[in-house]
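Using the sequences and the hints, build the whole thing.
In this text, residue positions in the sequence shown follow UniProt numbering: the first is 1, and each later residue adds one.
If you are wondering where the hints come from, they were derived from the structure by calculation, not from laboratory data.
Honestly, I wouldn't trust all of these hints.
Said to hold, decoys possible - Distance windows between CB atoms, simulated:
(1) Arg84 / Leu57: 23 to 33 Å
(2) Ala39 / Ala105: 22 to 32 Å
(3) Leu97 / Ile47: 15 to 25 Å
(4) Gly114 / Ala66: 32 to 42 Å
(5) Glu82 / Gln44: 40 to 50 Å
(6) Ile47 / Ser96: 17 to 27 Å
(7) Ser112 / Ala66: 47 to 57 Å
(8) Ser112 / Tyr76: 39 to 49 Å
(9) Ala39 / Tyr76: 49 to 59 Å
Glycine included, C-beta positions come from ideal geometry on N, C-alpha and C.
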Amino acid sequence: MTTTWDRLDHDPTSIASIAADQSSPCGELTEHDYWTDHAIEVDQRRIALTVALNTALAALDQASSALGELTSDHVYDVEFAEGRDGDDVAKFLDDSLRYTRAAYAIAHTITSRG
Numbered sequence: 001m002t003t004t005w006d007r008l009d010h011d012p013t014s015i016a017s018i019a020a021d022q023s024s025p026c027g028e029l030t031e032h033d034y035w036t037d038h039a040i041e042v043d044q045r046r047i048a049l050t051v052a053l054n055t056a057l058a059a060l061d062q063a064s065s066a067l068g069e070l071t072s073d074h075v076y077d078v079e080f081a082e083g084r085d086g087d088d089v090a091k092f093l094d095d096s097l098r099y100t101r102a103a104y105a106i107a108h109t110i111t112s113r114g
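Structure follows, in structure tokens:
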């Protein structure tokens, strides 16, 4: 198989690279192959972004729940329940959740368009 790459960052196991390396007997890309490969790369990165944002939202939600338990009457961690620092943590978590939800909504709008 003739390869069309000479960069160190080329991943010969990626779908786009395999398609590029096998696109023609000489290993040369056609314009259609280029745009197909590009679309595959974009889709892969969009999926990665969505997964990362979902992971971040889940982690922030868990952190917010844990803080809620720490400040509950049942546990009542005085450092978090009564101090200014506990309020700061709660506000940072709320802001982070809001910003991450906004980022997810914007990314979802973009990826829904195609």
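Legend entry - alanine 39 paired with alanine 105, Cβ distance criterion 22 to 32 Å: holds (23 Å)
Inset, instruction - Return holds or violated for the Cβ distance of serine 112 and tyrosine 76 against the range 39 to 49 Å. - result: holds (44 Å)
Legend entry - Satisfaction of the hinted span 49 to 59 Å by the C-beta atoms belonging to alanine 39 and tyrosine 76: Holds - the Cβ-Cβ distance for alanine 39 and tyrosine 76, about 54 Å, lies within 49 to 59 Å.
Inset, instruction - May I ask you to test the hint 47 to 57 Å on the CB atoms belonging to serine 112 and alanine 66? - result: violated (33 Å)
Inset, instruction - For glycine 114 and alanine 66, compare the CB-CB distance with the range 32 to 42 Å and indicate the outcome. - result: The hint (32 to 42 Å, Cβ to Cβ) holds, given that glycine 114 and alanine 66 are roughly 39 Å apart.
Inset, instruction - Take a look at whether the Cβ-Cβ distance between isoleucine 47 and serine 96 falls inside 17 to 27 Å. - result: Because 23 Å falls inside the window, the suggested range holds.
Inset, instruction - Go ahead and decide if the range 15 to 25 Å is satisfied by the Cβ distance of leucine 97 to isoleucine 47. - result: holds (22 Å)
Inset, instruction - Could you see if the CB distance from arginine 84 to leucine 57 stays within 23 to 33 Å? - result: The hint (23 to 33 Å, Cβ to Cβ) holds, given that arginine 84 and leucine 57 are roughly 27 Å apart.
Inset, instruction - Could you say whether the range 40 to 50 Å given as a hint is met by the Cβ separation of glutamate 82 and glutamine 44? - result: holds (48 Å)
Of the numbered hints stated above, the single one contradicted by the structure is hint 7.
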